[in-house]
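Each chain is listed here by its residues.
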Amino acid sequence: MNRLKELLRRLLYLGRRENLDGILDQEAEFHMECRVEELQHTGLARDKALAQARREFGPQARMREESRSAWQIRWLEDLISDSRYAFRALRRSPGFALAAILSLALGIGANTTIFSLTMEFLFSVPSARQPENLASIRIAGNSHSRMPIYEFVRDTHAFEGLAGSFEEHEVNWRHGENTSQLGVYWVTDNYFEVVGVPVAMGRAIQPGDRNVVVLNYNFWQSSLAGDPAVVGRAMILDGQPYTVIGILPRDHRTLLGFGFAPALYVPVHDQNAFVAFVARLPEGMNRQAAFTKLKVIGQELDRVFPDRDFHWTQDIQVDAVAGLDRLKSVNMIPFTAFFGLLMVVVGLVLIIACANVASLLLARASSRQQELGIRLAIGAGRGRLVRQLLAESLLLAVLGTLSGLLLNFWLTTLISRIQLPLPMPFRLHIAPDWRLLAYSAAVALASALFCGLLPALKATRSDLNAALKRQEFKDGRRLWSMRNALVTAQLAISTLLLAAGLLFVQNLSRSTSMNPGFDVDHTLWAHMRLVPAKYPTNEKTQTLVNTALDSLRALPGVEAASIAHEVPLNGQETDGTSVRIDGGEPVHVQYKSNNVGPDYFRAMAIPILDGHEFREADRAGSPAVVILNENLAHLLFNNASPVGHTIRYPHGETVTIVGVAKNSKYFTLGEENALAMYTPFAQGPESENLNFMIRAAQFPQGLVKIINRALGALDQSAAIETKPMRGALVLALLPSRAGAAILGSIGMLGLLLASIGLYGVLAYTISRRIREIGLRMALGASPRTVLWMVFRDSFLLVAAGISIGLGIAMFATQPLAMFLVPGLSPTDPWTFLSVIALLAAVAVAATVGPALRALRVDPMVALRYE
Amino acid sequence: MPTSNPPPNSPELLPGTLYLLVLRTLARGPLHGYAIARRIKEHSDDTLQIEDGSLYPALNRMLVKGWLAAEWGISENNRKARFYRLTPLGRKQLEMEAKEFDKLIQAIQLVMKTV
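Residue numbers (the working numbering), protein chains in the order written: chain A, 1 to 866; chain B, 1001 to 1115.
Hint data in this document are derived by calculation from the structure and do not stem from the laboratory.
Accuracy of the hints is not assured; some may be wrong.
[Stated by the list, open to error] Calculated pairs, DMTMM-like style, for lysine to aspartate or glutamate (alpha carbon to alpha carbon, straight line, at most 25 Å):
hint, chain 1, residue 1, chain 2, residue 2
1, B, Lys1092, A, Glu6
2, A, Lys458, A, Asp793
3, B, Lys1065, A, Asp25
4, B, Lys1080, A, Glu56
5, B, Lys1065, A, Asp793
6, B, Lys1041, A, Asp25
7, A, Lys5, B, Glu1097
This structure is a prediction, so every number in the text was calculated from the model and none was measured.
The following block holds chain A by itself, in its conformation from the complex:
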C-alpha cells in the first residue's frame, strides 16, 4: 500500500518537475541567507560569511541532482524517452510504420471482434441483481413445470425468492389496421422483484399486477417510435387491453442470454401455463444445498401431486444463470466449441500479422546494423538497446491495437445491428468493456514481444566488427534465413486457415444445393396466429382452418393448399416411443412427428410411394391413421408394404398405416436417415399457430400479398406472415452461412496478410541482391535467368509453407467434422486442391512485383549501388 502511494507521489512529481527545481533553488537560497545573517552577527564580513555559508552547504548542483533523483521513476522515464525515440524512428519511415500498423490492426481487429462476440455469447451477464445468487432449477427433469407446481414450491419459502417464466409465449398486437405477432417473456408477477431486473422508465411488474406490460427498448424504439408517452397507455394484445407500465434499458439482457430479446414482459396468471423456475438463493446457500432442499420439496410434491410416470425427486438440477458455471451444462458444448475454434483461428491470424511485423523489423534491424554497432561500440548496454528496440515494437503494437479497436467498434456495431433470420426475437449488445480493454492490452503486449523480441535480440547480438565494416552480406544472410522461416510459417498457417475457411464455404454450397426432399421453389408458407381466447374449442379452430383452406384454394395461381402443425426445417420435434406392429413385440423408435392436412404431400411435392395421402374424411373422431416415411417403413416392415397394417402405442391406441412418403429433411439439412411419422392435422393436438403450406402455379412471391389479404379477411385479430418456402430455409442454412462467412473471411484475411509478408520478404531480398543481380547481368545473365532466380526463391518458400500447412491441416481440421454436412470430409480433396491453387496464385502475384524490379536493374547503377 505504501509502495503504491509512493509511486503515486512520484507520478505526481513527473508533472511538475520544473516546480521542484524552483523549490530547491528557493530553499538553498533561504538556507544560505539565514546562515550568512547568523555569521554576520558573529562579526564576519558579508563576503566572508557568504563564502563560508557556501562551503558549509556544499555543491548546490549535487543537492539539486540528488533531490531530483529521489523523486524519479527510472524505468518510467526511460520508457518515455524510449517511446519518444521510437516515435521519431517510425516517423522517419512512414511506409514501414503504416505496413506494420495495418497488419497489426487487421490481426488485432479480427481477434478482439471475435473476443467481443465470444464474451457476449458465452459470458454476458444477465440484467439482474447479483446474478451469482440466482439459480435455474429443473425438477423431475422438466425444463418447465405447471403453475400449481410452481406455486407449491414457491410457497415452501425454501429460497429467498422463486420466480417462474415462460420465454416463448406469443401474442397478437392489434395496432391501427394491422395485427402482428410479438414475442413475450411470460413471467410470474414476482419475477422482476426476485431477479432484480432494472427498468429504465416507468416501473417494474409487481406482485398482483394483471394485464400490464413492460417493453423491450428496441421494440419501443422501432415499433413505438421511442415515444415516452406510451407509459400508461394501453396496447391491445390478443384482443385485451394491457397497460404499458415500464420500459427496459437499452442494454437489457434476458436471463436466457444469447441475445434472446422478446418484445414484451407480461405477467402470467394462466394456471395451465408452464414456467421455468429461477430461485434467488439466500446468503450462504450454495447450489448443492439448494439441491438438497429441493429433494425434500420433491417428496412433498410426490405426496400432493402424485404422478404415475415419474417422481418429483428425480432429475433435479440446479444450474448457474451466468458465468463459467453456465457453460458446463451439456447443451452449451457446440457453442463453446465453435467459439473456442474461432478464438484459435483468429489467434492464428494474429500470429501471421505479428510475423509480418517481425519480418519488417528484422529488415529494419539489418539496415540499422551499423548504427547499432556503433552504439554498442561506444558502450551502450545491450539490454538498453534491446529495450529501445522493443519500445519501437511496443509503440507499433499500441498503435496497431488502437486501430484494431476502431475496427472492432465498427464491426461489433455492425454485428449488433444484424437482424438474424431467427424465429425468435434476437438482439446482441456488444459494447466495449473492461474485459475487452484488458484483453486488448494483453494482446498488444504479447504482440509487441512476439514481433519485437527476436529481431531486437538478433540485431544487438551482431558481431561488432562485421557491423562496423558494413559486412552486410554475411549478416544479412543470417537474418534473411530467419525471415524465410517466418514467411514459411505464415504461409503454413494461412494454408491451415484457408483450408478451414474453404471447408465451410464448401459446406455452405453443399447445404444450399442439398435437396430438402420437398419443393421450395413453388411453395409458400403462411403463418397465422389466432388469439386463443377467440377459439376456445377445437371445432371452432377446425372450422376456421377449413374456411381458410377453401379460400386459399380458390385463389388464382394456387395449385394446392394444406396445413401442417410443424414446418419442416423450422424446428420440428422428435418423439420417442415403443410401438407394436400388428400386436407384435414392442420396438422402440425415435422419429420426427408432424400433423398435416389433406393435400399436404401434393402441396409440398413430396411423392407418396405407397398407399395414399390423408383425406378430408380423416378428421377428429374418425379412425386414426398415419403415414410413415420410407426410412421408418423400411425399419418396421423391411421391404414389405406397410399399408393396411397397424401400429399400437403403449397407452393402447391403435392406428392404421395408410401410406408411405418419400424421405425428406425434417429438422436439419444435414440429418441422415431420419425416421418420420405423419398424422392427420384434424386428429392432432390443438394449437393457436396455424401453418398453411401453399403450392403456387408459378412465381410464389407474387402470391404473398394476396394470401395475406385472403387470410386477414377471415379474422382481423389474427397475426399473419407469408413467405416463399425458399426464404423459410434461411434458418436451416444459418449455421452453415455463419460458419462460411466468418471462417471464410478470416481465412481470406490470413491469406492477405501472408501474401503481404511474402511480397515483403521477396522485395527485400531483391533489394539486398541488387548488386549481385547487376553483376550477373553485366556478366551476361539473361532476363530469364534473373526471373528464374526470383521465382525459385518464391517457389521454395511457398512450397515449404504449403506442404507444412497441409500436413498440419490434415489433422487439425478433423474436429471440424461436427460442423459439416454429412458427405463432406474435413480432408476434402477439392478443398485442399483449391487451397493450393489459391495460395499459388497469390504467391505468383506477390512475386511479380519484386521480379519486375529485379529485371529493371541497370547493371551500371547497381554496381555503384550504396
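We have chain A already, so just place chain B on it with the hints.
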C-alpha cells in the same frame, strides 16, 4: 537505504541515521530546512557535522516515502520558507527507527565492553 555523503573530518553517520535525526528533530513540531540543520548541529554539540546541502536530498526522499509533508510558511526572520512536518506515517517510522537504533547501540556497546 541510501545515505548522504558525509563531509570530511566529522564522525561518519551510521546508515539511515540522518533520517532518524530529522524525524527526531521534527517530532516537536514543523521546522524549515535551515532550522533542522541547526538543531541537529546544536543538539549534537556540533560533533555531528553534516554538510548542509545533503540535508535536502534526504528531506525529499522522506517526502517521497510519505514520512514528511512540506508547506510554505513565514520564517522567524519574516522570510518565505518551506516548513517540514511529520506525518502519522513518519511518526510511526520514528518510533520504529528509534527502537532499532537503541538496539544497535546496545549491541555495539556490548561488543565494545567485552572485547
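Practice task
Take a quick look at whether Lys1065(B) and Asp25(A) sit within 25 Å of each other, Cα to Cα.
Solution key: holds (22 Å)
Handout entry: Pairwise hint evaluation, Asp25(A) against Lys1041(B), where the allowed Cα distance is 25 Å at most
Key = holds (23 Å)
Exercise for the section: Measure nothing beyond the straight line between the CA atoms of Lys5(A) and Glu1097(B); if it is 25 Å or shorter, mark the hint as holding. Expected result: holds (21 Å)
Handout entry: Hinted pair Lys1080(B) and Glu56(A), Cα distance within 25 Å
Key = Answer holds: Lys1080(B) to Glu56(A) is near 22 Å, not above 25 Å.
Problem - 25 Å Cα cutoff - pair Lys1092(B), Glu6(A) - result: It holds: about 16 Å lies between the C-alpha atoms, which stays within 25 Å.
Practice task
Assess, step by step, whether the Cα of Lys1065(B) is no farther than 25 Å from the Cα of Asp793(A), and give holds or violated.
Solution key: violated (62 Å)
Practice task
Compare the distance between the alpha carbons of Lys458(A) and Asp793(A) with 25 Å, and conclude whether the hinted pair is satisfied.
Solution key: It holds: about 23 Å lies between the C-alpha atoms, which stays within 25 Å.
The structure shown violates just one earlier hint, number 5.
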